[in-house]
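Chemist: Protein chains in written order, with this note's numbering: chain A, 1 to 259; chain B, 1 to 620.
No lab work stands behind these hints, which were simulated from the structure alone. Worth double-checking, as some hints may not be accurate.
Stated by the list, open to error - In silico DSS-like cross-links for lysine-lysine, where the CA-CA straight-line distance does not exceed 25 Å:
(1) Lys-62/A / Lys-18/A
(2) Lys-79/A / Lys-504/B
(3) Lys-504/B / Lys-55/A
As the list claims (entries may be wrong) - Listed next, with one range per pair, are the computed distances between beta-carbon atoms:
(4) Arg-120/A / Ser-330/B: 56 to 62 Å
(5) Glu-128/A / Ala-316/B: 53 to 59 Å
(6) His-476/B / Ala-72/A: 54 to 60 Å
(7) Gly-70/A / Gly-323/B: 54 to 60 Å
(8) Gln-223/A / Pro-152/B: 43 to 49 Å
(9) Asp-137/A / Val-272/B: 56 to 62 Å
(10) Val-320/B / Gly-124/A: 55 to 61 Å
(11) Glu-128/A / Leu-314/B: 34 to 40 Å
(12) Val-79/B / Gly-40/A: 41 to 47 Å
(13) Lys-79/A / Ser-450/B: 43 to 49 Å
(14) Lys-55/A / Leu-8/B: 58 to 64 Å
C-beta: ideal position from N, C-alpha, C; glycine also.
Each chain, written out:
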Amino acid sequence: MSAVLTVEHLSRSFGAIKAVDDVSFVLRQGELLALIGPNGAGKSTCFNMLMGQLKPTSGVVKLNGEKITGLAPRQIWRKGVGRTFQITATYSSMTVIENVQMALISYHRRIYSMLPYAHRMYWGRALELLDTVGMADQADRHCAVLAYGDLKRLELAVALAHDPKLLLMDEPTAGMAPRERIALMQLTADIVRDQGVSCLFTEHDMDVVFAHAHRIMVLNRGQLIAGGSVDEIRNNPQVQEVYLGGGMLFNAAEEKADA
Amino acid sequence: MGLFFAQLLTGLANAGALFMVASGLSLIFGVTRIVNFAHGSFYMLGAYVGYTLMQVLPGVVGFWGAVLLAGIIVGLIGVIVEICVLRPVYSAPELFQLVATFGVILVIQDLTLMIWGAEDLLGPRAPGLKGIVRIMDEPVPQYDLALIAITPFVAFALWYLITKTRVGILVRAATQDREMVGALGVNQSWLFTGVFFLGCALAGLGGAVQLPKGGADLLMDFNILTSVFVVVVIGGMGSLPGAYLAAVIISVLNVFGVSYMPKSTLVLMFLVMVVVLMFRPFGLFGREEVAGEHGQVGEPERPIKPAGLKIRLLVAAALVLLGLIPVMGSNFAVVLVTDILIFCLFAASLQFMLGMGGLVSFGHAAFFGGGAYVAALFVTYAHTPMELALILAPLGAGLAAVLIGWVCLRSTGVYFAMLTLAFAQLLWSLVFQWGDITGGDDGLVNIWPSAWASSNMVFFYLTLVICAGGILLLRHAAHSPFGYALRAARDSSRQAEAMGINTKRIQWVAFAFAGAMAGVAGGLFVFSKGSVFPNELEIARSFDALIVVFLGGVKTLSGGWVGGASFEATKDYLTRFEYWRLALGLLIIAVVILAPEGIVGSLRKLGERTGILNNAEDKR
Ligand SMILES: Nc1ncnc2c1ncn2[C@@H]1O[C@H](COP(=O)(O)OP(=O)(O)OP(=O)(O)O)[C@@H](O)[C@H]1O
Ligand SMILES: [Mg+2]
Chain A
1 MSAVLTVEHL SRSFGAIKAV DDVSFVLRQG ELLALIGPNG AGKSTCFNML MGQLKPTSGV
61 VKLNGEKITG LAPRQIWRKG VGRTFQITAT YSSMTVIENV QMALISYHRR IYSMLPYAHR
121 MYWGRALELL DTVGMADQAD RHCAVLAYGD LKRLELAVAL AHDPKLLLMD EPTAGMAPRE
181 RIALMQLTAD IVRDQGVSCL FTEHDMDVVF AHAHRIMVLN RGQLIAGGSV DEIRNNPQVQ
241 EVYLGGGMLF NAAEEKADA
Chain B
1 MGLFFAQLLT GLANAGALFM VASGLSLIFG VTRIVNFAHG SFYMLGAYVG YTLMQVLPGV
61 VGFWGAVLLA GIIVGLIGVI VEICVLRPVY SAPELFQLVA TFGVILVIQD LTLMIWGAED
121 LLGPRAPGLK GIVRIMDEPV PQYDLALIAI TPFVAFALWY LITKTRVGIL VRAATQDREM
181 VGALGVNQSW LFTGVFFLGC ALAGLGGAVQ LPKGGADLLM DFNILTSVFV VVVIGGMGSL
241 PGAYLAAVII SVLNVFGVSY MPKSTLVLMF LVMVVVLMFR PFGLFGREEV AGEHGQVGEP
301 ERPIKPAGLK IRLLVAAALV LLGLIPVMGS NFAVVLVTDI LIFCLFAASL QFMLGMGGLV
361 SFGHAAFFGG GAYVAALFVT YAHTPMELAL ILAPLGAGLA AVLIGWVCLR STGVYFAMLT
421 LAFAQLLWSL VFQWGDITGG DDGLVNIWPS AWASSNMVFF YLTLVICAGG ILLLRHAAHS
481 PFGYALRAAR DSSRQAEAMG INTKRIQWVA FAFAGAMAGV AGGLFVFSKG SVFPNELEIA
541 RSFDALIVVF LGGVKTLSGG WVGGASFEAT KDYLTRFEYW RLALGLLIIA VVILAPEGIV
601 GSLRKLGERT GILNNAEDKR
């Protein structure tokens, strides 16, 4: 299988802190790859460099062999990368469906158009996308009044609007009830399988990770300390060490209620 | 060489009062994040209070005692203002505070007029310092030398207070990390009050100490305001050394400007500011401002929907009624409504950029006045017919907005607001000082509509068509993909950038569009009045528009024109009274505190509560 995303020696420091330290990996076509690690390991920093929100101190990111480091987020988005944020970012003054329509309008390069009514544009497609994430019945609700879990699902629908080749999801299930988490990851796994999307995600809930990830990488203090199949990681003593000295934790589903 | 040195001394002496006022403003901003537009008013109060005290207290001790007392009294007045007006709006967005402090300016102006009268007061000379000394053969007033000597002491005392005392350490901590101070268990509201006292006292001190040089008059507040803002912005908001350095730079620049380039002193000041901000967007010593620090007031903004059939019919009916005014009403009504329509378009253009884009511009008058002057200049020098001038006005204003927007949009929040203000002032000073071309203070006159539109009635219809059309166009733009993208950039620029939207460019286009629409209003304005004067570019004009948008309701689509109509009508009524500023100021403050949703927002709420309007979210 061909490599969709290639990361070579990626590093980023904040002052003296090396938030991400010489990280290299490859994400293959159709793969669902998990990036795990304790709080502050550098996962979000990594995501921000992949999508262009942060400039790396050094290192290269390639999308389908083409170098994308140094590009702005909006340019990387146009190349077919979608992302969701750890802290949800939605347009709170719009309705749910308008959030998705906005992405579609941008995808079709119509944002400078002043003639049509925006709320009528790409309505059908937007509803389809909302249906995919199970939000169709809430399409006309005001975004500001949604529950947190619903915001996360809306963000996923938005990230899918431009038929991305690569999906980056930073803690997609944070703040959701356990059953919702399983359902959302199942949905993501289905999308990856059915639409040929590749996906990199971070997650604190190990049940979710072990149930769905094709492959896992472990980040600790900015460095990749292990990578491999689910079974390899589950039984890796070094990884168990990092996670609170091993043992108990791989069953502890509620490690962190992230807000 | 001697003259040069003497001028340098004059500049340094002038820097004294400027520094005191600016450091007060800077302190207040640093700690409370309030841009106190009423700061010039406290400076003016200091001068008047000091004057009265000097009449009573005799001798050298009396003079300096009066200066000190004036500072303390003004500081106490500041405390009253802080507790009554600002405390309720600390958590609100900048705009609320701006409007509140603008209300304070109006109130203080009229109170001063009531107490001290309209006459300019000649400042008493300082006992013991009335003479002049010769330095390298040039005469230098003794009082100047005293000021030069005193200012470093004030600066040093302030520095000591801030860096060496416990209170100062708290203030600094608050400047750097406001949440932490709260966490330390310090009573934040009294810390704010204390800082407000200190800041206002400094302004009062500045006003009193300059009495022997400048006296006291009712225009002092706005006159110093511009320089003070320039100083604070150049130095960096919240930085004392920055304020001192910038005060010296600006004062010295002014003195030399007056002697060598008398026609461009004001322009020079703003040019320096623009250049500094282009290289250091947060001033010489300022720290980067985190955008989006300000909270929300009330409920989150609602989704918008184009008007339904019922509302459209209502609007059509209202337009027909307006159209009947020339037939039914008096000539006076026709002229008044023409004025109101023009103002409504101006306000609606600001509303578009401010409400939809979150771009709080303090200098929107640049484009209204700019459009007006473009039209007037073409008519005066090229005998351009009205029809063409009305097209050139928005083009000129739009072009200016493209250039100004390019610079201003490099920064955000308060600095964006300050930059827009600076550019408006730059344009104002250009127009004011290049009298050969622009007529300066005398303005440009005899600019009348083409023959066919010269009657009040025809011009009214022309205005009605253009203004109603413009407002509807702005409204439609809000519902178009462009308006949505603008709101997206405001709601979450992070998400917008991550979905292919170039947020800066969207805002830039919106800035230019709003500028051009303000230019349309400006063009109409010239022909309705037959003349234009520099005050169409003034801060006060920009503030009018801001207040109007605010009164109408920031988070509403119709806030601009509804506020504009109510404001102009109220003003027309109030200005018949002697102390109308007082009434208007109190009204503004009351609205800020009691009805922060504005007229449209409050009406909508009322409608929903009584069931006349229905709220989509309630039904589920
Ligand atoms: N803008 C920044 N400035 C300074 N330090 C930062 C910045 N962003 C992140 N860091 C630091 O970099 C390190 C990695 O942070 P990051 O947010 O990437 O961790 P994470 O793995 O996403 O953690 P979490 O699970 O809590 O989301 C942390 O030590 C953090 O304090
Ligand atoms: Mg993170």
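Chemist: State for each hint whether it applies.
Modeler: How the hints compare with the structure:
1. Lys-62/A / Lys-18/A: Holds - the C-alpha atoms of Lys-18/A and Lys-62/A are around 22 Å apart, at most 25 Å.
2. Lys-79/A / Lys-504/B: Cα-Cα ~20 Å, so holds.
3. Lys-504/B / Lys-55/A: holds, 19 Å
4. Arg-120/A / Ser-330/B: 56 to 62 Å: 45 Å Cβ-Cβ, so the 56 to 62 Å window is violated.
5. Glu-128/A / Ala-316/B: 53 to 59 Å: At roughly 37 Å between Cβ atoms, Ala-316/B and Glu-128/A fall outside 53 to 59 Å, so the hint is violated.
6. His-476/B / Ala-72/A: 54 to 60 Å: violated, 30 Å
7. Gly-70/A / Gly-323/B: 54 to 60 Å: holds, 58 Å
8. Gln-223/A / Pro-152/B: 43 to 49 Å: violated, 54 Å
9. Asp-137/A / Val-272/B: 56 to 62 Å: holds, 59 Å
10. Val-320/B / Gly-124/A: 55 to 61 Å: 38 Å Cβ-Cβ, so the 55 to 61 Å window is violated.
11. Glu-128/A / Leu-314/B: 34 to 40 Å: For Glu-128/A and Leu-314/B the Cβ distance comes to about 36 Å; the hint holds.
12. Val-79/B / Gly-40/A: 41 to 47 Å: Holds, since Val-79/B and Gly-40/A (Cβ atoms, about 44 Å apart) stay within the stated range.
13. Lys-79/A / Ser-450/B: 43 to 49 Å: The hint (43 to 49 Å, Cβ to Cβ) is violated, given that Lys-79/A and Ser-450/B are roughly 55 Å apart.
14. Lys-55/A / Leu-8/B: 58 to 64 Å: violated, 45 Å
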